[in-house]
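Protein chains in written order, with my numbering: chain A, 22 to 291; chain B, 71 to 483.
Among the hints, a few may not be true.
Unchecked claim - List time: in silico DSS-like cross-link candidates among lysine-lysine, alpha-carbon distance up to 27 Å:
| hint | chain 1 | residue 1 | chain 2 | residue 2 |
| --- | --- | --- | --- | --- |
| 1 | A | Lys133 | B | Lys77 |
| 2 | B | Lys218 | A | Lys125 |
| 3 | B | Lys107 | A | Lys133 |
| 4 | B | Lys218 | A | Lys117 |
| 5 | A | Lys125 | B | Lys77 |
| 6 | B | Lys480 | B | Lys256 |
| 7 | B | Lys218 | A | Lys133 |
| 8 | A | Lys282 | B | Lys364 |
| 9 | A | Lys282 | B | Lys77 |
Said to hold, decoys possible - Using C-beta positions, here's what the derived DEER-type ranges look like:
| hint | chain 1 | residue 1 | chain 2 | residue 2 | range |
| --- | --- | --- | --- | --- | --- |
| 10 | A | Leu157 | B | Leu91 | 50 to 58 Å |
| 11 | A | Ile75 | B | Asp175 | 38 to 46 Å |
| 12 | A | Ala286 | B | Arg215 | 36 to 44 Å |
| 13 | A | Ser212 | B | Leu91 | 49 to 57 Å |
| 14 | B | Leu91 | A | Asp91 | 57 to 65 Å |
| 15 | A | Asp91 | B | Leu197 | 38 to 46 Å |
| 16 | B | Leu197 | A | Val173 | 36 to 44 Å |
| 17 | A | Leu157 | B | Asp251 | 20 to 28 Å |
| 18 | A | Ser234 | B | Asn195 | 55 to 63 Å |
Unchecked claim - Which chain A residues stay away from chain B? Per the calculated CB distances, all over 12 Å, these:
| hint | residue |
| --- | --- |
| 19 | Leu28 |
| 20 | Ile37 |
| 21 | Leu66 |
| 22 | Thr74 |
| 23 | Ile83 |
| 24 | Thr95 |
| 25 | Val156 |
| 26 | Leu157 |
| 27 | Phe199 |
| 28 | Ile275 |
| 29 | Asp289 |
| 30 | Val290 |
If you are wondering where the hints come from, they were derived from the structure by calculation, not from laboratory data. Bear in mind the structure is a predicted one, so any value in this text is a computation, not a measurement. Glycine residues also receive a C-beta, built at the ideal position from the N, C-alpha and C atoms.
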Amino acid sequence: MFITFQLVHEWILTPISHTRLVKNFTRQDFSAQFTASVGGVFWLLLTPIANITIYAFVFSYIFKVRAVEDFGETSFVLFLMIGYLPWFAFAESIGKSTSLLLDKAALITKVKFPVQVLPLSGTLVPYLTHTIGIVLLLIYLAINGYANVMWVILPAILFLQFIFTMGLVALLCSLSVFLRDLQQLVALLISVWFFLTPIIYPINMIQSDVVRSYFLWNPMHSFINLYREIILLGEISVINLQISIVFAATSYLIGGWLFMKIRPAFGDVL
Amino acid sequence: MSDKALKPSVLVQNLAKTFKLYEHPQDRLLELIFRTKRHENYEALQDVSFAIPDGKSVGIIGANGAGKSTLLKLLVGTLQPTSGDIKINGQIAALLALGAGFHPDFTGRKNIHLNASLLGVPAENILQLEREIIEFSELSQFIDRPVKTYSTGMYVRLAFSIATMVRPDILIIDEALSVGDMAFQKKCVTRMNQFRLNAKSMVLCSHSMFHIQELCDFTLWIDQGRVKEFGESEKVVGHYEDFNNKKKSYNSIREDIPEAKSATGQKNNKEIQECRINSLSVCNEKNKEVTEVKPLSTLILKMQIEVLADNINGHFGFAFMRSAEEPISSFLSTNSENINLGECKKGDVITVSLLVEKIAMRNGEFFVLGGLADKSGLLWYETKFSSALSVTSTKGVGPLIMDSTWTIEKQDD
Numbered sequence: 022m023f024i025t026f027q028l029v030h031e032w033i034l035t036p037i038s039h040t041r042l043v044k045n046f047t048r049q050d051f052s053a054q055f056t057a058s059v060g061g062v063f064w065l066l067l068t069p070i071a072n073i074t075i076y077a078f079v080f081s082y083i084f085k086v087r088a089v090e091d092f093g094e095t096s097f098v099l100f101l102m103i104g105y106l107p108w109f110a111f112a113e114s115i116g117k118s119t120s121l122l123l124d125k126a127a128l129i130t131k132v133k134f135p136v137q138v139l140p141l142s143g144t145l146v147p148y149l150t151h152t153i154g155i156v157l158l159l160i161y162l163a164i165n166g167y168a169n170v171m172w173v174i175l176p177a178i179l180f181l182q183f184i185f186t187m188g189l190v191a192l193l194c195s196l197s198v199f200l201r202d203l204q205q206l207v208a209l210l211i212s213v214w215f216f217l218t219p220i221i222y223p224i225n226m227i228q229s230d231v232v233r234s235y236f237l238w239n240p241m242h243s244f245i246n247l248y249r250e251i252i253l254l255g256e257i258s259v260i261n262l263q264i265s266i267v268f269a270a271t272s273y274l275i276g277g278w279l280f281m282k283i284r285p286a287f288g289d290v291l
Numbered sequence: 071m072s073d074k075a076l077k078p079s080v081l082v083q084n085l086a087k088t089f090k091l092y093e094h095p096q097d098r099l100l101e102l103i104f105r106t107k108r109h110e111n112y113e114a115l116q117d118v119s120f121a122i123p124d125g126k127s128v129g130i131i132g133a134n135g136a137g138k139s140t141l142l143k144l145l146v147g148t149l150q151p152t153s154g155d156i157k158i159n160g161q162i163a164a165l166l167a168l169g170a171g172f173h174p175d176f177t178g179r180k181n182i183h184l185n186a187s188l189l190g191v192p193a194e195n196i197l198q199l200e201r202e203i204i205e206f207s208e209l210s211q212f213i214d215r216p217v218k219t220y221s222t223g224m225y226v227r228l229a230f231s232i233a234t235m236v237r238p239d240i241l242i243i244d245e246a247l248s249v250g251d252m253a254f255q256k257k258c259v260t261r262m263n264q265f266r267l268n269a270k271s272m273v274l275c276s277h278s279m280f281h282i283q284e285l286c287d288f289t290l291w292i293d294q295g296r297v298k299e300f301g302e303s304e305k306v307v308g309h310y311e312d313f314n315n316k317k318k319s320y321n322s323i324r325e326d327i328p329e330a331k332s333a334t335g336q337k338n339n340k341e342i343q344e345c346r347i348n349s350l351s352v353c354n355e356k357n358k359e360v361t362e363v364k365p366l367s368t369l370i371l372k373m374q375i376e377v378l379a380d381n382i383n384g385h386f387g388f389a390f391m392r393s394a395e396e397p398i399s400s401f402l403s404t405n406s407e408n409i410n411l412g413e414c415k416k417g418d419v420i421t422v423s424l425l426v427e428k429i430a431m432r433n434g435e436f437f438v439l440g441g442l443a444d445k446s447g448l449l450w451y452e453t454k455f456s457s458a459l460s461v462t463s464t465k466g467v468g469p470l471i472m473d474s475t476w477t478i479e480k481q482d483d
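Construct the complete structure from the given sequences, taking the supplied hints into account.
Dropping the structure here:
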């Protein structure tokens with residue numbers, strides 16, 4: 022019991038006790054994204070923009086999904102973007118998590134350092150990158166008169182989503198050391214999860230009440246719904262907030278605990 | 071003695087490391103779930119104990135696969151021991167792989183910063199450190215270029231400079247000196263010696279016996295995962311070299327050498343024995359019998375022969391032998407003009423001694439063979455082996471040592 026507490030304690034304190042290392046790793050991985058290619062930041066933003074355009078075309082133009090009445094008379098593209106950009110940060114973190122430790126195997130086996138900074142910096146990098154997109158979107162919305170007081174909560178919700186993601190990343194990256202197949206499995210799961218989360222469609226398009234109630238338990242839905250409520254309506258639903266907090270805390274603690282527990286074995290397996 | 075001197079900087083007790091070898095990666099998971107054994111154990115290290123006194127440096131030697139790298143990884147902490155204890159007092163910096171922490175796309179300067187933070191250098195020291203590292207590595211021209219453009223030598227120079235500049239209490243180096251040009255190697259050795267002078271500990275793993283002797287106070291010899299010997303470098307390196315030399319010959323020495331003491335139990339097919347060697351002894355210049363020989367010292371080989379038949383006209387011979395099959399050096403009285411014993415008759419007892427000066431063996435064990443041959447020197451009436459003599463190892467490499475004198479003259483124009 023005491024050891025468990027100690028591990029979790031160490032995990033939580035990582036950003037404070039190893040600030041400089043986290044900063045260096047994050048800076049390194051962040052700038053590595055564009056040092057190697059000519060396009061640089063352009064590529065990072067192009068992928069979500071291209072995807073949003075495709076989905077907007079398919080759903081708004083071909084399927085004629087109408088603006089969602091729950092969120093006022095918002096155009097489908099805005100509705101989509103608000104959900105899609107935070108999702109993209111999440112999906113990218115999870116997608117990279119399985120190779121996070123394997124890519125740094127040489128370092129982990131040869132140098133003694135607090136390995137737990139890796140899931141932290143590995144999650145920070147996609148979130149920092151996509152926060153750029155989110156901020157640009159918010160600026161656009163503010164210019165068009167959407168800004169409201171509730172927006173000040175947005176960073177807190179994004180932080181909760183970050184904590185939730187980081188827990189999953191810690192869990193997946195430590196398991197993938199033992200089970201390399203996880204890489205393929207996770208890629209598949211992300212696309213399943215994407216379509217099970219009301220991002221490209223509003224949740225009220227699901228006819229059955231029973232099915233819809235299951236969907237509510239998807240934490241990513243809660244996060245995305247919170248963004249939409251705050252940004253478009255300036256209000257917040259407590260149930261979504263509760264689900265978000267519970268999932269974020271659980272994922273962060275369990276993922277971190279498992280990571281710290283498996284950590285001593287990394288050297289043997291990598 | 072002060073407390074500091076007593077406190078070891080590294081204390082290893084009964085250390086063991088067992089690797090679980092799985093045939094398939096998924097077996098590890100299946101074993102976890104079904105709790106059935108699906109691995110083979112490989113014991114990389116067993117029962118390793120040693121202590122490094124504060125400020126001393128230790129070399130680790132042994133054949134490939136003996137467990138040296140495993141031991142280093144355990145010391146650094148990237149591997150966890152299966153059982154046993156490692157106590158380390160002080161901060162460790164390790165050079166286990168060349169630039170393990172380097173990111174190829176980034177400049178040398180950026181990599182210095184990242185590595186320094188990996189090794190836990192306080193932020194306020196980092197700028198001064200950066201200057202020192204660049205200066206020492208002689209890479210100022212290249213420091214702002216990506217390290218992927220560096221040559222292997224430059225890579226090592228940067229890695230070595232970083233590891234030693236962060237001023238750890240204990241520096242661990244794995245074979246780093248084998249790369250890099252001579253000039254930089256020399257610099258590294260100087261740097262490591264400086265490190266020793268500052269009373270910091272160092273653990274060095276190398277195949278270069280020269281570097282081990284030059285840089286390490288003590289040496290740990292690991293053979294098949296166990297400590298074969300731990301002690302002063304000169305001694306251990308000597309034994310190690312000797313061990314390797316012996317492995318080259320086909321036979322193991324112990325099996326070949328007839329038991330020296332049992333003079334009567336010797337196999338002898340001849341019906342009539344012409345003579346018997348009563349004793350064979352090896353003495354120092356003070357005529358005291360020895361079992362250990364210092365290189366370049368003097369030995370007196372003595373043999374007492376009892377003649378058992380008439381009309382024996384013989385010659386004497388001695389030889390230094392590594393094993394029954396492998397002579398090192400031989401001495402025959404047939405080669406000397408002025409020795410002529412003449413005919414002997416039954417009952418004569420002859421004592422022969424030979425003065426050998428400046429023993430040239432540097433290390434290892436050897437035997438003395440004494441014998442009596444007929445006049446032609448082809449038929450040996452009787453031979454006898456002494457018991458094993460060991461050479462006290464000295465600094466230096468190679469099996470032989472020769473008496474030498476230096477003359478150095480400087481030419482002034």
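Each hint tested on the structure:
no. : hint                                : result
1   : Lys133(A) <-> Lys77(B)              : holds (24 Å)
2   : Lys218(B) <-> Lys125(A)             : holds (17 Å)
3   : Lys107(B) <-> Lys133(A)             : violated (30 Å)
4   : Lys218(B) <-> Lys117(A)             : holds (24 Å)
5   : Lys125(A) <-> Lys77(B)              : violated (36 Å)
6   : Lys480(B) <-> Lys256(B)             : holds (22 Å)
7   : Lys218(B) <-> Lys133(A)             : holds (23 Å)
8   : Lys282(A) <-> Lys364(B)             : violated (56 Å)
9   : Lys282(A) <-> Lys77(B)              : violated (32 Å)
10  : Leu157(A) <-> Leu91(B): 50 to 58 Å  : holds (53 Å)
11  : Ile75(A) <-> Asp175(B): 38 to 46 Å  : violated (31 Å)
12  : Ala286(A) <-> Arg215(B): 36 to 44 Å : holds (38 Å)
13  : Ser212(A) <-> Leu91(B): 49 to 57 Å  : violated (36 Å)
14  : Leu91(B) <-> Asp91(A): 57 to 65 Å   : holds (58 Å)
15  : Asp91(A) <-> Leu197(B): 38 to 46 Å  : violated (56 Å)
16  : Leu197(B) <-> Val173(A): 36 to 44 Å : holds (39 Å)
17  : Leu157(A) <-> Asp251(B): 20 to 28 Å : violated (52 Å)
18  : Ser234(A) <-> Asn195(B): 55 to 63 Å : holds (59 Å)
19  : Leu28                               : holds (15 Å)
20  : Ile37                               : holds (15 Å)
21  : Leu66                               : holds (21 Å)
22  : Thr74                               : holds (31 Å)
23  : Ile83                               : holds (42 Å)
24  : Thr95                               : holds (42 Å)
25  : Val156                              : holds (27 Å)
26  : Leu157                              : holds (27 Å)
27  : Phe199                              : violated (6 Å)
28  : Ile275                              : holds (18 Å)
29  : Asp289                              : violated (7 Å)
30  : Val290                              : violated (8 Å)
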